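Chemist: Sequence:
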Amino acid sequence: MITSEDIKRRLWDGATELRGSMDASRYKDYMLGLMFYKFLSDKTLETFRNTAGLGRISEADLVEEYSQNHEELGEELDKMIQRVLGYFVAPEYLYQKWIKDINTGDFEVQKVTDSLNSFEKTIAVTGDSADFKGLFSSSTLDLTDTALGSNLNERSKNIKALINLFVDLDMVALQKSDVLGDAYEYLIGQFAMESGKKAGEFYTPRQVSEVMAQIVAKTSNIQSIYDPTVGSGSLLLTVGKHLSKEAQKDLSYYGQEKNTATYNLTRMNLLLHGVRPEKMTVRNGDTLGYDWPEDPSQPNVGVQFDAVVMNPPYSVKDWNKAGLKVSDPRFEIAGTLPPDSKGDFAFLLHGLFHLGTNGTMAIVLPHGVLFRGGSEGEIRQRLLEKNQIDTIIGLPSGMFTNTGIPVIVMILKKNRAVGEPVLVIDASRGFTKVGKQNVLQEKDIAKIVDTYSSRSEIQGYSHLATREEIVANEWNMNIPRYVEADNDEIAQDVDAHLFGGIPKSNIDELTVLNKSVPEVITSSFDKVRDGYVVSNRPIDQLTEQVINAPQVLAKNDEVRKIAERFVAKYWDILRHVNLESDLTNLMSEMLFEIKSEISKIEFVDAYSAYQIVAEIWKDSLTKDSELIAASDFYTIGRTREPNMVSKGSGKNKRQEQDGWIGTLVPNELISKRLFSAEQEEIENLKNKVQEIDSELAELVEAAKVEDSEEYDALYESIKKNNDDEPQDVFENKTVKTELKKAQKGTAEYELLKRVEKLLSDKGTTNKSIKDKERQLKEEVEAKIENLTNKEIDTLVYEKWFGKTVDALVRLVEQPLRAELATIDLLEKRYAQTLNEIDAQISELEKSFEALASELVVIQ
Numbered sequence: 055m056i057t058s059e060d061i062k063r064r065l066w067d068g069a070t071e072l073r074g075s076m077d078a079s080r081y082k083d084y085m086l087g088l089m090f091y092k093f094l095s096d097k098t099l100e101t102f103r104n105t106a107g108l109g110r111i112s113e114a115d116l117v118e119e120y121s122q123n124h125e126e127l128g129e130e131l132d133k134m135i136q137r138v139l140g141y142f143v144a145p146e147y148l149y150q151k152w153i154k155d156i157n158t159g160d161f162e163v164q165k166v167t168d169s170l171n172s173f174e175k176t177i178a179v180t181g182d183s184a185d186f187k188g189l190f191s192s193s194t195l196d197l198t199d200t201a202l203g204s205n206l207n208e209r210s211k212n213i214k215a216l217i218n219l220f221v222d223l224d225m226v227a228l229q230k231s232d233v234l235g236d237a238y239e240y241l242i243g244q245f246a247m248e249s250g251k252k253a254g255e256f257y258t259p260r261q262v263s264e265v266m267a268q269i270v271a272k273t274s275n276i277q278s279i280y281d282p283t284v285g286s287g288s289l290l291l292t293v294g295k296h297l298s299k300e301a302q303k304d305l306s307y308y309g310q311e312k313n314t315a316t317y318n319l320t321r322m323n324l325l326l327h328g329v330r331p332e333k334m335t336v337r338n339g340d341t342l343g344y345d346w347p348e349d350p351s352q353p354n355v356g357v358q359f360d361a362v363v364m365n366p367p368y369s370v371k372d373w374n375k376a377g378l379k380v381s382d383p384r385f386e387i388a389g390t391l392p393p394d395s396k397g398d399f400a401f402l403l404h405g406l407f408h409l410g411t412n413g414t415m416a417i418v419l420p421h422g423v424l425f426r427g428g429s430e431g432e433i434r435q436r437l438l439e440k441n442q443i444d445t446i447i448g449l450p451s452g453m454f455t456n457t458g459i460p461v462i463v464m465i466l467k468k469n470r471a472v473g474e475p476v477l478v479i480d481a482s483r484g485f486t487k488v489g490k491q492n493v494l495q496e497k498d499i500a501k502i503v504d505t506y507s508s509r510s511e512i513q514g515y516s517h518l519a520t521r522e523e524i525v526a527n528e529w530n531m532n533i534p535r536y537v538e539a540d541n542d543e544i545a546q547d548v549d550a551h552l553f554g555g556i557p558k559s560n561i562d563e564l565t566v567l568n569k570s571v572p573e574v575i576t577s578s579f580d581k582v583r584d585g586y587v588v589s590n591r592p593i594d595q596l597t598e599q600v601i602n603a604p605q606v607l608a609k610n611d612e613v614r615k616i617a618e619r620f621v622a623k624y625w626d627i628l629r630h631v632n633l634e635s636d637l638t639n640l641m642s643e644m645l646f647e648i649k650s651e652i653s654k655i656e657f658v659d660a661y662s663a664y665q666i667v668a669e670i671w672k673d674s675l676t677k678d679s680e681l682i683a684a685s686d687f688y689t690i691g692r693t694r695e696p697n698m699v700s701k702g703s704g705k706n707k708r709q710e711q712d713g714w715i716g717t718l719v720p721n722e723l724i725s726k727r728l729f730s731a732e733q734e735e736i737e738n739l740k741n742k743v744q745e746i747d748s749e750l751a752e753l754v755e756a757a758k759v760e761d762s763e764e765y766d767a768l769y770e771s772i773k774k775n776n777d778d779e780p781q782d783v784f785e786n787k788t789v790k791t792e793l794k795k796a797q798k799g800t801a802e803y804e805l806l807k808r809v810e811k812l813l814s815d816k817g818t819t820n821k822s823i824k825d826k827e828r829q830l831k832e833e834v835e836a837k838i839e840n841l842t843n844k845e846i847d848t849l850v851y852e853k854w855f856g857k858t859v860d861a862l863v864r865l866v867e868q869p870l871r872a873e874l875a876t877i878d879l880l881e882k883r884y885a886q887t888l889n890e891i892d893a894q895i896s897e898l899e900k901s902f903e904a905l906a907s908e909l910v911v912i913q
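Using this note's numbering, read the sequence shown as starting at 55 and increasing by one per residue.
Careful: at least some of the hints might be erroneous.
[To be verified] Cut-off 30 Å, straight-line C-alpha distance, at most; resulting in silico cross-link-like pairs (DSS-like, lysine-lysine):
1. LYS794 - LYS773
2. LYS853 - LYS740
3. LYS214 - LYS165
Simulated from the structure, these hints should not be mistaken for lab results.
Keep in mind that this is a model prediction, so the values were computed, not measured.
Using the sequences and the hints, build the whole thing.
Modeler: Structure below.
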């Protein structure tokens, strides 16, 4: 049983191993291209099976039937399949034929080339299959490229390995469950991370796509979307994913891409995600050349779309190679052309021109578009005057592989109410670090989208900028002019440094503590003079009082009840998902509910609760819900699969089975909960080994000290390096040799005997550990298939929700502890006055002078 996570991991591991030194941005064309050809072959065979009325025969028999029918019917069969799919793959050029040739030793690279060329020729003679033309052109898949191997044998070997990556994947079945599209999108993202700067040509980070798509998807009645710099098509697909199933059926996808290989990638990606050919229109062309798509009947209006999304290349130089004029309908609204040195506004104006009256546009841009002057300043002013800039969202730096600069997402609309302010969101500080990249967490995305939807003002995060403010700032939209970042630094107080005490104003600013436990805070500080207080109890005692205050405990109980109701509800739902279940919608429902419920509790961060549930989906539920839907909860709970591990290296690297693992229930959890006595016994033995190691280490150190009993008895038994320097372990063989030389009853003999026994005990104990671990491993693996329903319930509940309730309850304490940490900081800051410090310095100076006077200079 294979899930999307299994496929993603396997394909990416295969790609990493097979591509060698080839640049990731180039290798992706080969891997994703051949993966797509397998899809085309599988679709051809499925269509033949259905039209021929064949049952569930084996793939080998199906290929044989297809070949025989093709011999009899020839062009008639081709046309029949083509009417259904818009294309066909001839029997002799099927992916399955490549596999057969590999298995019989008859494989030749030329056969792959011939197959791809045949498909291109087949499509070329049909007038209604433009969506498939050029997908496998030599500019995209050049199988003679020496990067695939320095000679024909090397290339053949590498291409065979790549073909075998997909041999057991039923692309048709995987497409129906969205697994194939998800895996394809995942590979594109992984290649993007490996490609560095080149990734900007074809990929928008998932988190940025999510922000844009979730905002755009709030537009009502979306029937068409357009990405003028479409890349891999991920932005279009992400928007589609956030629409209802009904809306997706009638959605038309439009895109334009300058790079031919990326243009091919776009079409493959859309087709693999189940977008019907008649619902996708993608052009290989320069967005900043002549306008596209155009309506010949209305050349000055252009085709209008309900949604426009784009992540154009940043600040393109010499963008106007087509010699466009300000009279071009796309630029008329601006009254001027963007500067030749920066094409950002050229892309924006193109997209805006094609935006429908009631549509929404989202575009990723560098920060400079907010404040640069010249013609860019004029364009910005004109857009603001026409009230078409709706929202500006500042994102963190380091989110994109092709640039380290911070970027913004700008939302534009044509139907904004007169006088409606511009929403400015500063989301630049909400991120986590993953490797070298800054990444928005799910909670960060949710906060951005919620703030956009509610158009709310949040101190230090968002602001509604009025026309008057914008004019006062001379049409400069730089985010810090509108959103002042919260300053976490507490200003130094000179009087407190001079005379001691904590400024009472600092304590009064601790909103959560003062509102949650006012009596505790009031009683914890004594006045020392007007405006200054001192704490009358240690910070640990104050913390304990706060955390155990009745108000806090009551809030803990309130959150606990919410969490327990939430978990109980979805525990039942998740155990009963099936193939009809909308798992994506279920995840969204859970995230929305926990955020809504926790937001009712004052001072508890609902977005942190959102993140807790999002992590459960990421760590377990995404994969597990797929498994349960394809089978059933208890059946999959008792299913195990081979534990495949890599052995050897280089040419000898191979996959071998190392026992079994639970498909749903982790072996570690079975061991921990159902074999606790055996686990404890092994742990005790490991502790014994640690004690022996400790005693041996002490003896080694003692044996390194010259003129000691241990040195005389044991130094020769210590292991030495090539320079005869003593190491940190005894050498068993040498200990035995020295023991034979030593006289019984002497201190030397007793020490050597002690070391010998310790080494022997360690060896015996390690062997026992190994035997017991092997026995426990076998018992756990056997137990998987014999788990009771109750055991499965207990173990899977712990896996999914074992820490959830406590994690949600701890959110109550987080803001309290943050403010308690501030009190601790203030106490330490003002613990000593400057007068006390001066007195200490004076005392030290006197001590130094006294010491100096006692010094005698020897001539």
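Chemist: Hint by hint, say whether it matches the structure.
Modeler: Evaluated hints:
1. Between LYS794 and LYS773, the direct Cα distance comes to roughly 18 Å. Compliance with the 30 Å bound is thereby established for this hinted pair.
2. At roughly 26 Å between alpha-carbon atoms, LYS853 and LYS740 fall within 30 Å of each other, so this suggested pair holds.
3. Taking the CA atoms of LYS214 and LYS165, the gap is near 12 Å; set against the 30 Å cutoff, the hint holds.
The structure agrees with every numbered hint stated previously.
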